[in-house]
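Chemist: Both chains are given apart, each in its own frame, so use the hints to dock them into the complex.
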Amino acid sequence: MNYQEFKQAVIAAAAEKEVKDYELYYSESAETQTEIFKTEVKGFATGSNLGVCLKCLVNGKMGYASTEHLSEEEAVSLVERALENAKSIESDEQAFIHTKGDTYAVIEKEEVKLPTAAEVIDFALDLQKQIYATDNRVVDGTQAYAGFVESKTALYNSNGLDLEDSAAFSFTYGMAVVAEGEEMYDGMEVSSGKFESFDIEKIAKEAVKDAVDTIGAESVPSGKYPVVFSNKVMASMLSTYSSVFSAEAAQKGLSLLKGKEGEKIAADIVTLTDDPMRADALVKATFDDEGVATYKKNVIEGGQFVTLLHNLKTAAVAGVKTTGNGHKASYASNVGIRPYSFYINPVKGTLDDLMAEAGNGIYVTSVEGMHAGANPITGDFSLAASGFCITDGKKGKPVKSITVSGNFFTLLKEIASVGEDLKFNPFALGSSRCGSPSVLIKEMTIAGK
Amino acid sequence: MLPQSLVKEALGIALSTGADYAEVFAEHTNQKAIQMVSTKVDKIEDAVIAGVGIRVFQGTRCVSGSTSSLERGAILACARRVADALGTGSAAIANVVLRERRFGDIHPVKIVPVSVENAYKVDFLKEACQTAKDYHQDISQVTGSFLDVDHNILVANSEGLFAEDRQIRTRIAVSAIASKNGENQTGSCSPGARVGMELFELFPPKEVGLEAARQAITMINAGYIDAGVMPVAIENAFGGVIFHEACGHALEASCVALGQSVFAGKLGQQIANEKVNAIDDGSIPNAWGSINIDDEGTPGRKNVLIENGILKSYMVDKLNGRRMGMAPTGNSRRQSYAYEPTSRMTNTFIAAGNDEDKDIIASIENGLYAKKMGGGSVNPLTGQFNFSVAEGYIIKNGEIKEAVRGASLIGKGSDILMNIDMVGKNLERGQGMCGASSGSIPTDVGQPLIRVSSITVGGR
Chain C
126 MNYQEFKQAV IAAAAEKEVK DYELYYSESA ETQTEIFKTE VKGFATGSNL
176 GVCLKCLVNG KMGYASTEHL SEEEAVSLVE RALENAKSIE SDEQAFIHTK
226 GDTYAVIEKE EVKLPTAAEV IDFALDLQKQ IYATDNRVVD GTQAYAGFVE
276 SKTALYNSNG LDLEDSAAFS FTYGMAVVAE GEEMYDGMEV SSGKFESFDI
326 EKIAKEAVKD AVDTIGAESV PSGKYPVVFS NKVMASMLST YSSVFSAEAA
376 QKGLSLLKGK EGEKIAADIV TLTDDPMRAD ALVKATFDDE GVATYKKNVI
426 EGGQFVTLLH NLKTAAVAGV KTTGNGHKAS YASNVGIRPY SFYINPVKGT
476 LDDLMAEAGN GIYVTSVEGM HAGANPITGD FSLAASGFCI TDGKKGKPVK
526 SITVSGNFFT LLKEIASVGE DLKFNPFALG SSRCGSPSVL IKEMTIAGK
Chain F
95 MLPQSLVKEA LGIALSTGAD YAEVFAEHTN QKAIQMVSTK VDKIEDAVIA
145 GVGIRVFQGT RCVSGSTSSL ERGAILACAR RVADALGTGS AAIANVVLRE
195 RRFGDIHPVK IVPVSVENAY KVDFLKEACQ TAKDYHQDIS QVTGSFLDVD
245 HNILVANSEG LFAEDRQIRT RIAVSAIASK NGENQTGSCS PGARVGMELF
295 ELFPPKEVGL EAARQAITMI NAGYIDAGVM PVAIENAFGG VIFHEACGHA
345 LEASCVALGQ SVFAGKLGQQ IANEKVNAID DGSIPNAWGS INIDDEGTPG
395 RKNVLIENGI LKSYMVDKLN GRRMGMAPTG NSRRQSYAYE PTSRMTNTFI
445 AAGNDEDKDI IASIENGLYA KKMGGGSVNP LTGQFNFSVA EGYIIKNGEI
495 KEAVRGASLI GKGSDILMNI DMVGKNLERG QGMCGASSGS IPTDVGQPLI
545 RVSSITVGGR
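Residue numbers (my numbering), protein chains in the order written: chain C, 126 to 574; chain F, 95 to 554.
One or more hints might be untrue.
Stretch-level coverage of chain F by chain C, calculated; a stretch enters the list once three of its residues show a Cβ under 8 Å from a Cβ in chain C [claimed, not checked]:
id : stretch
1  : 138 to 147
2  : 361 to 373
Calculated Cβ distances over 10 Å to all of chain C for the following chain F residues [what the hints assert, rightly or not]:
id : residue
3  : Asp259
4  : Met291
5  : Asn380
6  : Pro393
7  : Lys396
8  : Met418
9  : Ala421
Simulated crosslink set (PhoX-like; lysine-lysine; CA at most 25 Å straight-line) [to be verified]:
id : chain 1 : residue 1 : chain 2 : residue 2
10 : C       : Lys132    : F       : Lys137
11 : C       : Lys389    : F       : Lys274
12 : C       : Lys142    : F       : Lys137
13 : C       : Lys574    : F       : Lys506
14 : F       : Lys220    : C       : Lys377
15 : C       : Lys422    : C       : Lys446
16 : C       : Lys349    : F       : Lys506
17 : C       : Lys383    : F       : Lys137
18 : F       : Lys220    : C       : Lys385
19 : F       : Lys134    : C       : Lys186
Rather than coming from a laboratory, the hints here were simulated on the basis of the structure.
All C-beta atoms in this analysis are idealised placements derived from N, C-alpha and C, irrespective of residue type, glycine included.
Isolated chain F, as found in the complex (with noise of 0.2 Å):
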């Protein structure tokens, strides 16, 4: 993407008044999002996204830049522009050596689909629209899309670090409402990977409209949950998505080093039940949260954080775990070069435990069973969560029985990590993008059926 000689000018520059570290962040992007409403195109958006950014480090303290540009003069005016925010010392323009290094890729692509027309495309999308839209009378409106992202990265710095990665993945989804007696109620489903056009072999177009306008009929039909306090089952797959919120942001060491996370400074003791184990994992092969190497070039890899209830490690990137005093664990993670990279989730779950299905619904006398969970947020320093339930259903004597609709899960990450006391067998993640300072970035969430003892569900 840049000679290395280039690269090379600006660490020296970036380093020219004093910084301990520099380094060169480029980028190169295609991407592209068909939008499908009804079983139509109605939107494509086909962007190119191109630059540097450029950091340097002087202990602790951080200065960064960045520019939308490829081209020699802007990077360097950019490496000046952070060196005299820096410090105003002249050193003597530092030669850093550079080795280039190749870490390989995991994530295999067959057909890469930058290569590939729209047409093709579109015929899957139409695929999956058309069969959400056949599914039932009730269904108003579907909409569709399917997005290719296909990010070419550079990473060098002044410890000597010259590497390339191109990542590729893509995504479908699709949005399926149902009306009825002036009432809209909306099902989705939206399943992506690191891999090219063969998404569609891993994830039929059919079963990704079908699910979605399941969804929306049995939504539809439901009627509301009333608020109070019990037990809840949290199916598989994004259900996960408590798990991300509620914990796995309090343990990103963005959050941990400014001592703005509740799960500070305790590391070795229990902060789960025992029966949670949980996993961050960036080097699962074609995985939507995956990565080769991270923004920072530090390999992705596997990280416990909870072992048993205890809690066993962070999620670190190299600023923060200078504050830290911990090495880098290959989370450190960008949208582009116009944001400053920092400790973020790759693809984060809670592992298989030993609890079967059947067993867990049976436990609850009344409760909730929340098969679809929607989206959350949280606030990390206090820990206080919000999820919705995109579908859920009553359980009454240990039997699954009808469909509620808002219902919403609200609590404390550290309370709820202390709640979940059964942890079913069948894991399986789901995919997610998630917005945090360094910008929005692919993230799989995961876990098996859980069970979370006592939880305050929001209805009406």
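The following block holds chain C by itself, in its conformation from the complex (with noise of 0.2 Å):
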């Protein structure tokens, strides 16, 4: 059974046990990905999934039942578990359908060229071949990656709406794993968007080098330093952190910024913006998972903490109108928050002109652990880091086995200089992701020898 056979089954369902508000989501992705290892193709890997998943709202309670399984039995379960659901809540927010009647914004889609799966293996070998050549410590271990996915998802509910949106893209990465006495040291480039702008050159040296870079790196001793965070660092920083930006943390008084609107939560120097339809962004968002229509807005503006994220349950208890970041972490999901591009607003300066406004520091290039050693709910964070020594301004040495420490809330405020390179996560494949540009914090904790 198809998902048009199967809607309409549903639809039968919920007219028959007479659920009168409901809304169906449906998503459906394939991916293609290569893995070569030594010289030789390890592994190919085709998978086409969907699932479709159904919400009611019974007395302003929303019940929700997801599944993979397209029948007419199941249609049946579907509805018969999702109103069970429903009878089941117990918290006091009313929940809502959205009704149509947003202006969506109108995105030109480029054709997107998807390689063939012939054309994805001779690059990830090309690629393999690359790394291997750019320098002599390279050894086995060393893995070349590159696929594409397409994938779709539509939103039918009994108030009218009906959206569907797709996208597709390429990507392909380098794991780099060079020797160098006993000890081994990894590194890695990633690159997402069109496969025909993938250069094997760029990605095979920049893997290396991140590898290469780290060869002899000794720990120091722990104290208080001035502190530039890459990048990358802080654009993952803001990625664990995102959470406390949600209303629905805020309002079950799981986020610390609870009630702090309009107040100073972060330095002069920090903007913190959301943006559904950055251009650069390899998934763009006209609707959020609701239905709602997305639209660009300032998180933090000059330091001032302006607006949460909401979504139509959480504006409702807030009374105010949702900013469209309702989010389903799966189609079974139910409906939550999140940001899409979601950044700090580049400001000036270059890399090196934060290492030398340190003068002596230390300049974290990696942080590891951010699952267990950073905590959104206390703004508490200890984690593993390697980077370099900052030394009279310079990159210097660098670093590994040190633990940088402290709390997300303190650091917004002790941020002094934002630079101007601007990057984002490049892992994060779909609509959600966070970016940020170096950026460098007056003191910082590093625990080393």
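Modeler: Next comes the structure, spelled out in structure tokens:
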């Protein structure tokens, strides 16, 4: 049974059970990926996956149920499960199903030409060859990947909304392993977007450089240092803490930003923007996962906290309009909240300028353990990090085995300078991604030797 | 789930372009998560996951495909897609002879969760959350969840295997937040097992709620620890996450076969202190990380990984086993049909030793007692890891003193294994979800109280 047939079966089952307010969310994706090890194709995978989620509104409470198995019986079961779940919801907040009438932005879709399976394999093999050729210290363990994704979502509800969106893009990454003495070092470079734009030489060079740069790294004495976070590291911090800007987290007492609208929460130099249709985004969203039209807004402006991100439910609780940030983590999820292209606005100065300003300190280029060492509820973080010393205003010797710790809310206030080199996290392949320029933080605690 | 004749046909098509091995994995899963905020049901996620994953091998090359469908047309199309991606040859459609095998079930379930209405589950969860909320006036928020999974799998391959398994598991989780002077601290407790609704007999909801709240209140009143290098005593149960992350992942064939592990080529060598015995055992009845068969149809079993500090075994799946010339060990796992299976942990722990807990604490002059570990992560290539300590205490002159927050343990897997120089007697396991290339799967970690003679502690 295909989705259109299943949709009709659900509509019939809903009518049968006298369910008046409901919404169907459909998601489908096809992904092809290959992986090269040594000089051969190690793996090749194609997946075509789909899922349907039904939500029913009963007495102001929303019940959800989802399935990947599209059949007549499953359509009936889907309605029954969603109904039982709606009746079990106890929270006081009123839930909503959106009504048509929004004006949606029209984006001119570029024709995306996806590669064939053979082209993907040839590309990845060439990339692997290039990585080995870049430096004679490159050893086995090095891997190259390439692939492409096509996705489609559709939203249909009993209030007359009937929306559809699709996206397609390619991606590739090289993971270089280099050996020096007994030790091994790894480095990575990612590209995504148009297949024909991928530059094999550049990807190989950057991946190897990323690994080679860390050779001979040592720890530094524990203490407090001025710290420069690379754009990549700051983007990943922002991503880990993006939930603190969610009105849902705030209303549930899970964000310390609750009730702080209008207050100063960051240094004057910090402006944080959420843009659903940024030109350089792989996936642009003209409507959110509740069918609400999206728009660009500042969340922090000149250090001042402007707004939390809302969906229909949290906006009603707060007595404001939704910001169009309703989001389902997967098709099966309840609607939550997330940003789109979410970034600290570039100010001025290169990375070198920031290091010159820091004088003597640490330039952090990589942090690990975000999911464990960073807590959005408390703001505390303590992360394994590596990078470089900043000595007399210049990039010095490589540093590893250090821990950088602090609190995200304090960090926002301690930002001394914001550079001009805005970069988005290249691994975020959907419409939600975080970005930042490199930033200089006045002082942070470093644990080393 | 699928008729044998259809599976046989799919295997035949998959083999038709020169593969020497083909495998069909089918799944039908019911999964429900009830989430509570404060003491009210806030969200319910209720999903049916169904589909098929097909793999073929030619030597050490693997091609795989998946489809969200249990329908004949889609399954055969997936098999065709996989075969076409492997080669262009048109070998005759192989005649695979399937023999049904039944491996039994060592994880008895008393009450099947999918047959129980929401209200019954909600009552238990509410009791847990209410207990946490009532614990102290500084508890500002409590969230809780109850998860039940009914995971039905079918594995068949061109070697003739045809086997099915039903894997039921349940988990309750409570997270408490304590607030004071504009600061938050959290505490959590989240036990789970390969059981049905009888989970609440094994882990009374009240105790789960109490534990989460106790931890949050302890931590909101704690100061920050100073960073430095020191000896650390790591408590049992979830403390075993350190072994899981820092060593377990590097013993998975997916890492070893590609030469990406510090332990590659070290079988028979001393890789840990002689006090260390480490085990991965997928055959513990009703344990959270247990299996009857793995996702390639190999029965779960007990594997000794490290014996008296000597590396004895890796955890091996079929594909990487071909690369390494080793037999599978019952460790091949996948989150769902949409992921390719690979070698993963089941219940992995450091076995009980001979030291008394009190001697371990008494032996530390200045150090840290990590009573509850948070999560962690590791770079398997370099072995560099980082764990957060959810509840820690200063040890001074052999005695446990005040609680400290913000501590994390940083180091290198191969170093820490050598530095585990005292191992207690009281082995306990704790539950986690482990994420890797084949998705998120339930695993147990575990250990008795251990002493690590020297480790970098991050603080502030």
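Chemist: Decide if the proposed pair is consistent with the structure: Lys349 of chain C and Lys506 of chain F, CA atoms, cutoff 25 Å inclusive.
Modeler: 23 Å, holds
Chemist: For Met418 of chain F, is the shortest beta carbon distance to chain C beyond 10 Å?
Modeler: Holds: least Cβ distance 13 Å, greater than 10 Å.
Chemist: Decide if the proposed pair is consistent with the structure: Lys132 of chain C and Lys137 of chain F, CA atoms, cutoff 25 Å inclusive.
Modeler: Satisfied, since the Cα-Cα distance of roughly 24 Å is no more than 25 Å.
Chemist: Does Lys385 of chain C lie within 25 Å of Lys220 of chain F when you go C-alpha to C-alpha?
Modeler: 31 Å, violated
Chemist: Are Lys422 of chain C and Lys446 of chain C close enough, with their CA atoms no more than 25 Å apart?
Modeler: OK: Lys422 of chain C and Lys446 of chain C at ~13 Å, within 25 Å.
Chemist: Checking one constraint from the list: CA of Lys383 of chain C to CA of Lys137 of chain F, max 25 Å. Satisfied?
Modeler: 21 Å, holds
Chemist: Examine the stretch 361 to 373 of chain F: at least three residues should have C-beta closer than 8 Å to a C-beta of chain C.
Modeler: violated (count 0)
Chemist: Is the straight-line distance between the alpha-carbon of Lys220 of chain F and that of Lys377 of chain C 25 Å or less?
Modeler: With a Cα-Cα distance of about 17 Å, the restraint between Lys220 of chain F and Lys377 of chain C holds, given a limit of 25 Å.
Chemist: Hey, does Pro393 of chain F actually stay past 10 Å from chain C on C-beta?
Modeler: 26 Å, holds
Chemist: Take a quick look at whether Lys142 of chain C and Lys137 of chain F sit within 25 Å of each other, Cα to Cα.
Modeler: 22 Å, holds
Chemist: Should the label of Met291 of chain F as a non-interface residue stand, given a Cβ cut-off of 10 Å to chain C?
Modeler: 16 Å, holds
Chemist: For the stretch 138 to 147 of chain F, do at least 3 residues have a Cβ located nearer than 8 Å to some Cβ of chain C?
Modeler: Per the Cβ count (8), the hint holds.
Hints 2, 18 from the list above are not met by this structure, while the remaining hints are.
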